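Residue numbers (my numbering), protein chains in the order written: chain A, 240 to 544; chain B, 1271 to 1512.
Honestly, the hints are just simulated from the structure, not real lab data.
A portion of the hints provided could be inaccurate.
So the derived label-pair ranges between C-beta atoms look like this [what the hints assert, rightly or not]:
# : chain 1 : residue 1 : chain 2 : residue 2 : range
1 : A       : 370       : B       : 1289      : 19 to 25 Å
2 : B       : 1362      : A       : 359       : 33 to 39 Å
3 : B       : 1365      : A       : 356       : 29 to 35 Å
4 : A       : 348       : B       : 1316      : 49 to 55 Å
5 : B       : 1351      : A       : 526       : 42 to 48 Å
Rough simulated footprint, nothing fancy, chain B against chain A, three-plus residues with beta-carbon under 8 Å [unchecked claim]:
# : segment
6 : 301-314
7 : 318-332
8 : 342-356
Treat the numbers as computed from the prediction; the structure is a model and nothing was measured.
Glycine residues also receive a C-beta, built at the ideal position from the N, C-alpha and C atoms.
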Amino acid sequence: MSTAAVEVSGLTKRYGGRAAVDDLTFTVASGRVTGFLGPNGAGKTTTLRILLGLVQPTAGTALVFGDRYRDLARPTSTVGALLDASGFHPGRRVRDELAIHAAATGVDDDRIAVVLHDVGLEAAAAKRVGQLSLGMRQRLGLAAALLGEPRLLVLDEPGNGLDPAGMHWLRSLVRRHAAGGAAVLVSSHVLAELTLFADDVVVVNHGRLVSQSSIDDLLAAGGERVVLSSPQRAALVDILVASGAAVEVDVGADDATSAVVTGLSAAAIGDLAAAAGLALHQLRTEVRSLEDVFLEMTDDGEGIR
Amino acid sequence: MSASLGAELRKLRHTRSLLAVPVVAVVVTAAATGVLMTWIEASEISDRLSMHGPLRFGPTNIGLVLLVFGIRAFGDEAHHGTLTAALLATPHRHRLLVAKSVVSAAIAAATCAVTWVAVLPITAAGVARRDLDMTVDAGATAALFGRGLAAMVLVALLGVAFAAAVRNRTVALVAGIVWIALAEGIVGGLLRIGEYLPGAAVSGTVTGGGHDLGAVASAAVLTCWTAVAYLAALVGLRRDIT
């Protein structure tokens, strides 16, 4: 039986009475890029820090290849993590900073030149960290994460500070790493960014799991939907459901006439209503962007389960 | 553990501002010895090497510098946000504390030794040039060196543990310096417990006879303070790294 690269189960972290992470369960598979998506304050960073042994959970477990992070024999050769691009001493040179990481990881100094090449920082090797832009510090963080040739990459908002070319480079690097059989867990609060390179996506909000699916399934949730209004809604809904449509009627507390339909076009709905002799007061098509899907998923009390 | 020690040594080697702390201590002590042997009245210079001021009070003074070094050895990690990376590589937090302690103790011992190596020839040159009479009482001088070495190592460790407990470099530095330079004298005087406080224990360990407790008891007091700081550090290190 293969072990998941990351297995989070019933994870909870409370600060006083507030739950930053609330009974969170998900997995990350090897050879795939998994996006960890949620709005700011959703509990993504806390979850990643628990996974990496930096924060103690109140309950639940977060395992890396079946073990707690602190029980890994060579942790930074198993997991490469980029949590905070500002986590470098500003007075040290780029090459020296990586030499410190190499010693701590237990890898040969020859790896420094390799990762500097991989992240495109060869020309900045002699610069002091304090002289680097945010984007260059992100690259340095990735270089440090890659030093130990890890089987799992954990990246917390790695796109911060990167320009479009940098983002393209980041996506290529992450895809290459996954293609080599490693698992990649990337947190972000921008769904559109993740759709460009993630295979799977875990959506969280208020510390709770909203959904875990492949990115293709998530994308399928986008697209068109039809909003209708009918004084004979119940009868119309029965006909639409029988025709294979998905119908949501809980669209407003005092609204007994409206419904949102996916899986049928407006014309098909109109034809079905006419054939059944049912009145339609409104029938309009809405096109939902990925951002709409994300906002809907993370909207309080209206999340897709 | 060897990887952690290697990383700590590299941090020291590649962090100029931290490496400068013990270097400054040696240079200032050597310069002060030069001033003493050149301009101070002969009657104020001891006629026994084991009572020679720079060898007795020099270590006491560099004790404050080594406290700062110890605080910075751990406090810099919290200050620059590099503690996260250090703990990712060394998830067992007490191992990181041990690695920093070993390296800081080695630096403290080396600083003490280099200070003596710098002070002795300057003293010898001053004695010869001014035709002073100074007895080289080797046994007592060696004992003084041993006491100084022990005190410097303990005070550096105290700094490491204190910074690990506080996990805020600025707070640790201000609290440490203000306590040693100012508050300890006031508190010790008011409560009549001066010799049981850490700063007095450092000088008591080095100079021995000048204090009520004597060198061994002072060293024991300093060891107790250091042990208390390490207990606090182990508690402090359990806190989340957010």
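Now the hints, each set against the structure:
At about 20 Å, the beta-carbon gap between residue 370 of chain A and residue 1289 of chain B stays in the expected band of 19 to 25 Å. For the pair residue 1362 of chain B and residue 359 of chain A, the supplied restraint of 33 to 39 Å holds, since their beta-carbon distance comes to about 34 Å. Between residue 1365 of chain B and residue 356 of chain A the beta carbon distance is about 32 Å. The supplied range of 29 to 35 Å therefore holds. At about 50 Å, the beta-carbon gap between residue 348 of chain A and residue 1316 of chain B stays in the expected band of 49 to 55 Å.
In this structure the supplied range 42 to 48 Å holds for residue 1351 of chain B paired with residue 526 of chain A, their Cβ-Cβ distance being about 43 Å. For a cut-off of 8 Å, the count of residues in the segment 301-314 of chain A with a CB near a CB of chain B stands at 4, and the three-residue condition holds. Proximity of the segment 318-332 of chain A to chain B, defined as three or more residues with a beta carbon under 8 Å from a beta carbon of that chain, is established by the 12 residues found. With a threshold of 8 Å between beta carbons, the proposed coverage of the segment 342-356 of chain A by chain B holds, since 4 of its residues qualify and at least three are required.
Against the hints set out earlier in the document, no violation occurs for any number.
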